[in-house]
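Trainee: Here the protein sequences come in this chain order: A, B, C and D. The opening position of the first sequence corresponds to residue 410 in this note's numbering, with each subsequent residue numbered one higher. The opening position of the second sequence corresponds to residue 410 in this note's numbering, with each subsequent residue numbered one higher. The opening position of the third sequence corresponds to residue 410 in this note's numbering, with each subsequent residue numbered one higher. The opening position of the fourth sequence corresponds to residue 410 in this note's numbering, with each subsequent residue numbered one higher.
It is worth saying that the hints were derived from the structure and are not from the lab. Hints are not guaranteed to be accurate.
Since the list can't tell identical chains apart, any single copy or any two copies may satisfy a pair.
As a list, the in silico DSS-like pairs of lysine-lysine whose alpha-carbon atoms are at most 25 Å apart [what the hints assert, rightly or not]:
| id | residue 1 | residue 2 |
| --- | --- | --- |
| 1 | Lys540 | Lys702 |
| 2 | Lys636 | Lys702 |
| 3 | Lys702 | Lys565 |
| 4 | Lys603 | Lys540 |
| 5 | Lys603 | Lys649 |
Number of protein chains: 4
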Amino acid sequence: MNVAFIGLGNMGLPIARNLIRAGHTLTVYNRTRSRAAPLESSGAQIAATPVEAAANAEALITMLADDRAVEAVMFAPGNAIQALRAGAVHVSMSTISVALSRRLAEAHHERRQHYVAATVFGRPDAAAAAKLFVVVAGAPEQIRFCQPLFETVGQKTFVVGEDAPAANVIKLAGNFLITATIEGLAEAIALVRKHGLDQNAFLEFLTGSLFSAPVYRNYGGMLAADKFEPVGFKLPLGFKDNRLLLAAAEEVAVPMPLASLVHDRFVAALAQGLAEADWAAIGHISYQNAGLKEAT
Amino acid sequence: MNVAFIGLGNMGLPIARNLIRAGHTLTVYNRTRSRAAPLESSGAQIAATPVEAAANAEALITMLADDRAVEAVMFAPGNAIQALRAGAVHVSMSTISVALSRRLAEAHHERRQHYVAATVFGRPDAAAAAKLFVVVAGAPEQIRFCQPLFETVGQKTFVVGEDAPAANVIKLAGNFLITATIEGLAEAIALVRKHGLDQNAFLEFLTGSLFSAPVYRNYGGMLAADKFEPVGFKLPLGFKDNRLLLAAAEEVAVPMPLASLVHDRFVAALAQGLAEADWAAIGHISYQNAGLKEAT
Amino acid sequence: MNVAFIGLGNMGLPIARNLIRAGHTLTVYNRTRSRAAPLESSGAQIAATPVEAAANAEALITMLADDRAVEAVMFAPGNAIQALRAGAVHVSMSTISVALSRRLAEAHHERRQHYVAATVFGRPDAAAAAKLFVVVAGAPEQIRFCQPLFETVGQKTFVVGEDAPAANVIKLAGNFLITATIEGLAEAIALVRKHGLDQNAFLEFLTGSLFSAPVYRNYGGMLAADKFEPVGFKLPLGFKDNRLLLAAAEEVAVPMPLASLVHDRFVAALAQGLAEADWAAIGHISYQNAGLKEAT
Amino acid sequence: MNVAFIGLGNMGLPIARNLIRAGHTLTVYNRTRSRAAPLESSGAQIAATPVEAAANAEALITMLADDRAVEAVMFAPGNAIQALRAGAVHVSMSTISVALSRRLAEAHHERRQHYVAATVFGRPDAAAAAKLFVVVAGAPEQIRFCQPLFETVGQKTFVVGEDAPAANVIKLAGNFLITATIEGLAEAIALVRKHGLDQNAFLEFLTGSLFSAPVYRNYGGMLAADKFEPVGFKLPLGFKDNRLLLAAAEEVAVPMPLASLVHDRFVAALAQGLAEADWAAIGHISYQNAGLKEAT
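This is chain A alone, in the form it adopts within the complex (with noise of 0.2 Å):
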């Protein structure tokens, strides 16, 4: 398929990677050229702008950091919006706000142009060995049409919905059940932790029975050692989703005390100065709290 790309972080990257791999055609963009260099060597074609990744493409793809990064590409003046043409499909699958989903959505109806979300789950690890779990929302056929690039940066797809906002909506709320797992594992090591006993033996407990999930292992390694890197996920961006979380919420009036919980812990965590960390270091707050010193 003829694919435009834009947006090569540390995301982005190896999933483009991936489809060029699969033998897809490639047309990349990235606002710091130099990201998309390595690409270029593999076949990529790169792009000046976003209006000229988009100009031929039959599928483009936007994989940004926040909604800004996504206004300024598709509708900023000289925009991908306008270059892309009728009948090509955009899938987005950066995490932003469900309003600019539905923004997006109407602006694209509007050009005769397909829009489908289809948002993804995992570290940029797991982009690389094609393992994203991929979240879709959009119009059946064109999430037919899209299928095959979902095969290929993910291991499992999900369609949550003919609205494509929807799939926006499924992914804050998964990241918002990463970032309430990540609160609940940091109280209860805490807890562990002063009550003299092992914390590692207690992850194992848990990730042996009751809690045998990805999520545990992961973040509940870091956790465990009071390590907050290699980071997959920066604090910042974290904080962004819950953000977005709150305003969808928001939107449709339903509190959400424990998402206004993690959100306090963003907060403090930056006054810390924990911004370079892994998001995961959102639980350094409980242990601060809890006057622990360093994990042993």
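Use these hints to put chains B, C and D onto chain A, whose structure you have.
Mentor: For chains B, C and D alone, kept in the frame of chain A given last:
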């Protein structure tokens, strides 16, 4: 093994049954004697008092509702602890306070008896199927001695320390993480429902990807249906465990705001008349505060 | 003084009236022009546009609902900021974001205009009685120049800094403390009522002893009656201020869990259909969660 | 009046002194007898036991630290309740649980003694100055009988019901509102400080306008200075009251999330080694989580 078994509630009865089936000799006691009757035909002796039950036991297992019940059996005048012979081991399976577990450890030690805390995870159906997870702490040689008992009632045993109360801390921490999961799921489902999405599709995604753990499947189903029966674990019992957790946290000065949120949910659920529901009904408060009427 | 006054809502109208009474020459503008009519007979000029209002003013006062309204008046094409002459002062009374206040300070500075933030505390009846509390920040000589205006509309003026946005921070912090008071009172009244005691006797004690402050009397009465009218300050406006507070807190990395709790209350209140009530209705959620039906 | 006075701590001593000054005949008892010595020269009798103190009293006043202390004095073998003659009244000034107050009411009733709960608000200096606020509940004729005592120790008496435990509920609710005020002020001051503003100017505004109440002045000063001495009310005693409040709330199923937040603050403060500070030090946690180092 010659086993005294005290406490034949929803959990105790199937556990005792499995021990009998495995060939152990059981003398059982239950305050409401009629609950013991079904075991008589299977070959169990029915004791009229805790003392009678404990008298000849190599191992005394208690599986009771709360601290008060354990204290009544073990420490009340003419109690089991005096009847238990030196060298015998008390295997405490009840979810009790860390403080009482510590008191039991000391009292048994004084009498040259042994004490092992062997808390269990799983609902009554898991107990019947001998699929419990057993979390054990105590002296290694006692744990070895009791291992056949643990293997009879559970699918997996986790040793978390040599100091018996450790198992009680882990039990409370584990139950806390279940409530944290319930709270997180409930808030997320409220969000998903009010955005007009299908909560079952959401749940399918969760349990088919990052949250592929029993806890998410079991409680997710109840929460998606907004139906909190059949009752595996009654709400007031869950509240009791939350109280024990907060007490254990206070004892070592660990603030647990998520546990406090869960506390508030239990109180609200009782105020809404949900005392007979499964403890997952704490999630119903999220639906109510979001103005959701009933699941569709 | 030659005063342009923009924004004749529940607060703006009585303030403008008091300024006219004190002998100032007012040119007023309101988007819905009919709201300005009653002032015409008192001698005010009615301007057709913000530009027309601002053109000859020595002081331009804005008293608008939110950031958006202030931006529309000040920064939209053909806006008031271009019409205001150099040396004139913009007195911003609206409760706006700290960020917008900062932006206004800079924009006025570039045009050699002056900018003073003069936020006000008090409900419409206090505005009518010229009993507002005025919290002011800006250059000392400008504050001196505007002092007669402040004295006309308020009972007391507090100068909190030379940097105008300081007054906006204080305004948001003050409103936060009002919501904290409402939340505290509501929880306490729920407790008192469910213990079968008289909430009015409780309130009498509070306001007759340690909490003898206007806020406790005003909101206490509403909360004791569980009646949230007449509406002095509409719930969604209070929610807006809560959002501005959380944004101001996020900007400098200050976690405010009590503000987050209040946020959740606002969302719940909207979910319960309380958008038309006074903002004290966030306290009704405490009653509802406690299973209280109606006050007696 | 012939008064037995038990409990000569920070509050009891100045109260007893004022009663002596007013001409009442006091027989005093304190566990640590040396605390009673200074009263001897003023004409008080020193009793060797609670029983001896209570024997001839018309009114028995207890002013003790907690439930345990009151139980020890009143219900322990050879206790005061047996020594108190029929028709005498027990005036309980201690901050105790609603449950213990109810138990006392019943026990006195059985013995044809009377029982009045007369809880007090104010710190030791207010006790010395006879400026306490006295919150009373009990049978009207008993309250009338004790009125001279209340007037001697306080500046104002509030009768809140005929059922004695009512005064204990109100006491706990009042103390809760003080902690709510501390928490609100601390969060607001953290915000103000991190915006580079002067917290003292902020406080001056608050106490000079909407929050012109003693509580804001007293605790505001400590919080603005981030100094939690001199200690008027020790942090662990405040924590005890928070626990009693949460128990009273649980008893009637009232969720109090703000009280839970305060609970978490107490736990965190103890984890940070603030057990010797005034209870206003729970506000220090807000500063710490905001990354504030020390007040300027």
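Trainee: For every hint, state whether the structure bears it out.
Mentor: Now for the hints, and whether the structure bears them out:
1. Proximity of Lys540 to Lys702 under the C-alpha cut-off of 25 Å is found in neither arrangement, the shortest distances being 36 Å within a copy and 38 Å between copies.
2. With identical chains, the CA atoms of Lys636 and Lys702 are at most 25 Å apart both within one copy (12 Å) and between copies (24 Å).
3. Proximity of Lys702 to Lys565 under the C-alpha cut-off of 25 Å is found in neither arrangement, the shortest distances being 41 Å within a copy and 33 Å between copies.
4. In this homomeric assembly, Lys603 and Lys540 never come within 25 Å of each other (Cα to Cα): the closest approach is 37 Å inside a single copy and 30 Å across copies.
5. In this assembly of identical chains, the alpha carbons of Lys603 and Lys649 lie at most 25 Å apart only when taken from different copies (22 Å versus 32 Å within one copy).
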